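K.L.:
Combine the two chains into a complex, taking the hints into account.
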Amino acid sequence: MKHILIAAALSLSASMGLAQDTRSFTDGAGNVVDIPLQAERIVSLRGEQFTAPLVELGAPIVGSTGNIIDGVNNGEPVIRGAYDLFHTRFTEGGITHVGTSTQPDFEAIASLNPDLILLPDYRAEQYDQLAEIAPTVIINIWSNSARERYRRIADAAGRLDRFEELQAVYDFRLNEGRALVEQMIGDPSKVSVAIAEVRDDRFRVYKVYGAMSNVLDELGFSKPELIENIDGERLDLSPEQVQLIDADFLVSSYAEHFRAPPAEISGYWDVFVPGWDQVLHAPKHNQHIFIAREPMRALSFQSMSEVLAIYLASIVTRDFVPFEG
Amino acid sequence: MTTSVIEMANGRFALKLTQLVLWVACGLIGALIMIFAMSLGFGSYDMSVAEAFRVLWAPEEGTQATVVWKLRIPRFVAACLVGAMFALSGAMLQNVTRNPIADPSLVGVSQGASLAVVALIVLWPDVPLGARPVAAFAGGMSAALLVQAIAAGKQSTASMRFILVGIGVAAMISAGTSAMLAYGNINQAMGALGWLAGSVHTVTWTTCYILGLCFAVCLPAVVWSARPMAAFQFGPEVAISFGVRVRRDRFLVITLAVGLAAFAVSAAGPMGFIGLLAPQLAQRLAPSGTGGRLVLSALTGGVLVSGADLIGRTIAAPIQFPAGLVSAVLGVPLFIFLIIQRAKTSQL
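As you go down the protein sequences, you meet chains A and B in turn. If you count the first sequence from 1, position 298 lands on 576 in the numbering used here, and the numbers rise without skipping. If you count the second sequence from 1, position 84 lands on 85 in the numbering used here, and the numbers rise without skipping.
Extracted from the complex, chain B is given alone in its bound form (with noise of 0.2 Å):
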C-alpha cells in the first residue's frame, strides 16, 4: 500500500499514514466543513446559509451577527476541540491499557470532574462559575491519580490492575455524586444534572479560546506520545527491548490521556462514548498505526461531538438535546455493531 510520510522538526518527528488514512482523514475533514456549513446555517433563528455566510465574512452589529458569531460558531469549534480530545484521551487509554473498551471514564476522570463540579453546584452554589472548569480539572486529576498511585504494582499484571482499580474507585466516586444529587436543592441538583448530561450548550469563545490553548499545549506531547504508544501494543516486555522506559512512559502516557480529558469534560461535561467510540471507529475506517489512528480518532471525536451537537439543537427544537446525550443515543447501537463486528472476526 502507497504511504506518505510527514515529517517535523528535521526528522524527529515523522508520521507515516497510508493512502487510506489519508483519504479517511479528507473525509472526516470533508465531514467537519459539512457539520461547519450547517451549523452556520441550521437553528431557530430563521437565517439561510447564504446570509449566515454573508454574516461571517462581513460581520456587523445585530442579531444575525450574534446568533453567527456569539452563538453558532463557538458552539461549533468547542464542540470538534471537546470531541478531538476525548477521542485522543480515549484512544490513549486503549493503547496503554491494551484495552479496546479503555476511556477516560476507566480511570475516574469524568466521575472525579463530575463530583467536583456537582459539589460546588450543591454545597458551595455562591461560589463563581469561573470557578466549576477549575474544579472539573482538579477533580478529574486527582481521581485518574489516585487510581494510577493505588494501581502502581507489578509491571505485568499493570493494565489489568488498573483497569480494576479504575473500576472501583469510579464506582466509589459515583457513588459520591449520586448522594448529593440526591439530598441537594432540587433546583441546584437539577443545574448539575445538566451539567452531568454534557453540553457545549453554553460556550462562549472564552471557553474556546482556553480550550484551544489547552490542545495546543499538549498537542507537541501527544505527537511525542505516539512514539511509546507504538512500542506498548507489542506488550511490556517487547517495548522494554525497544528502549522504551516502559514505566515512566506509561505514567507521562496516562497522564497526558487524563489532562485531555480532563480539559474536555471541564468545558462540557462528561461526554459519554466519545472517548470510547471515536477510537474504535476510526480503527474500523481504516487500520492504522500509532500516528494514523490518533490522527483519525481526533478528527473521528470532533465529527461526533459537532455532528451530536447539531442534531441536538435543531432536530426538536426549541427543545435542546445535549450532544453528550445524543452522541450516547447514537453511539450505543454503533458500538453494539462494531462489538458484533469484532466476535464475527473474533477479535474481542
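Only chain A is shown next, with the shape it has when bound in the complex (with noise of 0.2 Å):
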C-alpha cells in the first residue's frame, strides 16, 4: 500500500511538473499570451536580434532561424550575430535550424514542441500560423530602444534577473567609460561621432546601428546635424553631400563575409566618393574607426561592452585632432 501511494505522488508530482504554469505577457502587437513562467523551449525567429541575447542570457534555445553565407562555418547555415559574438553553432549548441526569418518553415518548428516562439513585429503576418503551434510573441525591433527590446526578449523567455545581472555588469563599465571621457575629454558632446558606410553602390548614413550607434549615444558623443535629424535609422546621400557628415570620428563597420573586408572599405568609398579621404576630417587625420559587423549588430551587453572598449581605446584615451566645423 505504501509503494502504491509513493508511485501515484510520484505520478502526480510528474504530470504537475510537465504542466508549464503561465503568465499573461502583452506582446509588441498587443496580443495577449499565456506563456510559460520560464521557457524551456524557445524557438527565435531572428538570430542577431533574439538568438543573441538569448544565448547570453543562457535560455533554452531549440530553434532559430539562420542563413547559408558562403565561406562560412562549412557552408553549413549560421545563426547570424550569435554565430560571430558568441560562435552559437545550431549542432553543437543543439539547436535546430528552421529556416530563414523571410520564411521560417512553420513545420520544422512545430516538430520541435516549442513552449515560446519569439517573432519580429515585421514579421507579423506569420503569427496566425505561429501562435497556432506555441505561444508566439511579437517583439518590436525599431521601435523599442535596444535595451528596452532585449529587456522584453528577457521577460518573455523568463529570465528577467540574468538580464539584470548583466546589465548591472555592463552599466558599470558605461559609468567608469563616462567617468574616463570626462577625465579626458571633458564635455563629450564636443566630440561628434558621424556612422556612415559605402556600401553596394550607396553611400549610407546611420542615426541607429547596432552597438555601434547605442554605445556612442550612451557615452554622450554628439552626431552631424544631417544625421542627428535623420527621421528613422539611416539616410542614403548623394556624394556631393559628403562634407555633410564631417566630424571628429568616422565610423564604419566592416564584414569578412559579406563583400566589405576591411581592406577594402577605403577601396570602396575611393570609388563612390572620390576624393573623400581629403574631403572629411577624419579619414585625414586617421580618425576613421572600423568594427566588426556582424558581431556588433548582435543584441547584447558583450557586443556593447566590446563596442565601448573599442570607443574608449580609438576616441577617448589617445590624441586626435579635432574637428573645427
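None of these hints come from the bench; they were simulated from the model. Note that the coordinates shown come from a computational prediction; the quantities given were computed from them, not determined experimentally. Where a beta carbon is used, it is the ideal one built from N, C-alpha and C, also for glycine. Any given hint might turn out to be false.
On the chain B side, residues computed to face chain A include the following (Cβ under 10 Å) [claimed, not checked]: (1) S45; (2) L182; (3) Y184; (4) I320.
A few chain A positions that, by computed beta-carbon distances, are all more than 12 Å from chain B [unchecked claim]: (5) A307; (6) L315; (7) G349; (8) L390; (9) E460; (10) D465; (11) L504; (12) H535; (13) E542; (14) Q556.
Only some residues are given here: those of chain A computed to face chain B with a beta carbon under 8 Å [as the list claims (entries may be wrong)]: (15) G372; (16) V376; (17) G377; (18) N391; (19) E403.
P.N.:
Set out below in C-alpha cells:
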C-alpha cells in the first residue's frame, strides 16, 4: 500500500511538472498571450536580435532561423550575430535550423514542440500560423531602444533576473567609461562622431546601427546635424553631400563575409566618393574607426561592452585632431 | 473528333468540349489529387502519408492535426485558387488583346498591387495586417483602371494601344515600388520583398474562405465571358457581326480579368508567369475553344502553383522557397520552350 501511495505521489508530481505554470504577457502587437513562467523550449525567428541575447541570457533555445553564408561555417547555416559573437552553432548548440527569418519552416518549428516562439514585428503576418503551434510573442524591433527590446526578450523568456545581472555589469563599465570621457575630454558632446558606409554603390549614414550607435549615444558623443535629424535609422546620400557628415571621427563597419572586408572598405569609398579622405576630417587625420559588423549587430551586453572598449581606446584615450566645423 | 456538351441553366450556358480536352482536364484533376496527397504527406514534420490521411479523416487535437489542418491543407487550397485565378486572368487578357504573351502584369495589376502593399509596409508599418489584401486589391484595380482609361481610344488600334499603355504605366508604378524598397527601413523593405516574391506561406483558412468566395462570385461572370471572348478571337469587326457589343464587353472582360488577378495578388503576392504560362500550356496540352481553354487554364494554373509550393517548401527544407519564385524558375525554360515550338510552327 505504501509503495502504491509513493508511486501515485511521484506520478502526480511528474504530471504537474509537465504542465507548465503560465502568465499573461502583452506582446508588441498588443496580443495578450499565455506564456510559460520560464520557457524551456524557445524558438527564435531572428538571429542577431533574438537568438544572440537568448544565448547570452542562457535561455534554452531549441530552434532558430539562420542563413547560409558563402565561405562561413563550411557552408552550414549560421545564426547571424550569435555565431560571430558567441560562436553559437546549430549542431554543437543543440539548436535546430528552422529556415530563414523571411520564410521560416512552420512544420520544422512544430516538430520541436516549442513552448515559446519569438517573432519580430515586421514578420507579424506569420503570427496566425505560429500561434497555432505554440504561444507566440511579437517583439518590436525598431520602435524600441536596444535595451528595452532586450528587456522584453528577457521578460518573455522568463530570464529578467539574468538580464538585470548582465545590465548591472555593463552599466558599471559604461559609468567607468563616462568617467574616463570626463577626465580625458570633458564634455563628450563636443566630440562629434558620424557613422557612415559605402556599400553596394550606396553612400549611407546611420543614426541607429546596433551597438555602434547605441554606445556612442550612451557615452554622450554628438552627431553631425544631418544625421541627428534623420527621421528613422539611416539615410542614403549623394556623394556630393559628403561634407555634411564631417565630424571628429568617422565610424564604419566591416564584414569579411558580406563583400566588405576591412582591406576593401577604403576602396569602396574611393570609387563612390572620390577624394573623400581629403574632404572629410576624420580619414584625413587617421580618425576613421572600423568595427566588425556581425558581432556589433548582435543584441547583447557583450557586444556593447566590446564596442565600448573600442571607443574608449580609439576616441577617448588618444590624442586626436579636433574638427573645426 | 467526339465532343461532349455540358449545359447549364436550361441550355442558356453550354460548354462544348472535345474528347481530348476532357481527357486533359481529367489528367489535370488527377495531377491535383496527386499533389494534394503529396502535400499532405510531405514536409518537415515527420509524418507518413498514411498518418496524414488518418488525421484527415479523424481530426483530433495535437501537433499532427495542426500540421495537416492548419498548415498543409490551407496552403494547398490557397495555391490552387490563386493559380486558377491568375491563369483565368491571363487567358482572358490574352484573348481580349489577341496577344499570346499578355498577363496580369501587362495591365499593371501586379505592379499596382505591389506598390500599394509595399507603400503600406514601408510608409505605414503600423497599419493592421488585414489592410494588406485590401490595399493590394485597390492598388491592382486602380492601376488597371488607369491603363484602361488612358488606353481608351479608337477601336481598331485598341489592343496595341492597351498593351503599350499597360507597359508604360506598369514601368512607372514599378519605379515607385523600387524607390520605396531602396529608401525604406531595411527590415520593412525585406518584409515587402518577401511579399513581392509571391507565396502562400502565410495563408490561413480565412484566406482560403475569402479567396473561395471571390472565386465563386466571379465564376458566373467567367462563364458569361466565354461568349464574347469566342467572338473576340476573330477581331472586333467580326465580333460586332456576331452581335457582340465589343466596347462594352471588352471592358467587362478586362475588368473581370483584373478582378481575378487582384484577388489572387492580394492573397499571395504577385506570381510571375502563372497568368502568362498556364493559358499557353493549356492550349499546348489540348487546343480548344474559349470555354475549354478557360477550364484547362484554371486547372493548369492550380497544378502549377500548388506544385511549385510543394516543391518550394520541401526541396531544401527548412529553407522555404516561395511558390512565385519556383514557378518563375520552372516557368522560364518552359516558356522559352513554348516560344521555340511556336516559332517552328510560325505561329509567333
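K.L.:
Give a verdict on every hint.
P.N.:
For each hint, the structure was consulted:
Contact between S45 (chain B) and chain A, as hinted, is supported at the beta carbon level, the nearest pair being about 4 Å apart and thus within 10 Å. Nearest Cβ of chain A to the Cβ of L182 (chain B): about 12 Å, over the 10 Å cut. The hint is violated. A cut of 10 Å between beta carbons decides the hint on Y184 (chain B): the least distance to chain A is about 6 Å, and the hint holds. Annotation: I320 (chain B) was flagged as interfacial toward chain A, and the flag holds, the nearest CB pair being 6 Å apart, inside 10 Å.
The beta carbon of A307 (chain A) sits about 9 Å from the closest Cβ of chain B, which is not more than 12 Å, so the claim that it is off the interface is violated. The beta carbon of L315 (chain A) sits about 22 Å from the closest Cβ of chain B, which is more than 12 Å, so the claim that it is off the interface holds. Every Cβ of chain B is farther than 12 Å from the Cβ of G349 (chain A); the closest lies at roughly 18 Å, confirming the non-interface assignment. A cut-off of 12 Å between C-beta atoms contradicts the statement that L390 (chain A) is not in contact with chain B; the least separation is 10 Å.
With a cut of 12 Å on Cβ distances, E460 (chain A) stays outside the contact zone with chain B, its closest approach being about 35 Å. For D465 (chain A), the condition that its CB be more than 12 Å from all CB atoms of chain B holds, with the nearest at approximately 33 Å. No beta-carbon of chain B comes within 12 Å of the beta-carbon of L504 (chain A); the shortest separation is about 16 Å. Residue-level check passed: H535 (chain A) sits 18 Å from the nearest beta carbon of chain B, beyond 12 Å.
A cut-off of 12 Å between C-beta atoms confirms that E542 (chain A) is not in contact with chain B; the least separation is 22 Å. Against the 12 Å criterion, Q556 (chain A) stays outside the reach of chain B, whose nearest CB is about 29 Å from its own CB. Annotation: G372 (chain A) was flagged as interfacial toward chain B, and the flag is violated, the nearest CB pair being 16 Å apart, outside 8 Å. Hint status for V376 (chain A): holds, given a least beta-carbon distance of 5 Å to chain B, under 8 Å.
The interface hint given for G377 (chain A) is met, as the beta carbon of that residue sits about 4 Å from the closest beta carbon of chain B, less than 8 Å. Among the interface hints, the one on N391 (chain A) holds; its C-beta lies about 7 Å from the nearest C-beta in chain B, closer than the 8 Å criterion. About 5 Å separates the beta-carbon of E403 (chain A) from the nearest beta-carbon of chain B, less than 8 Å, and the hint is met.
Checked against the numbered hints given earlier, the structure breaks hints 2, 5, 8, 15 and satisfies all the rest.
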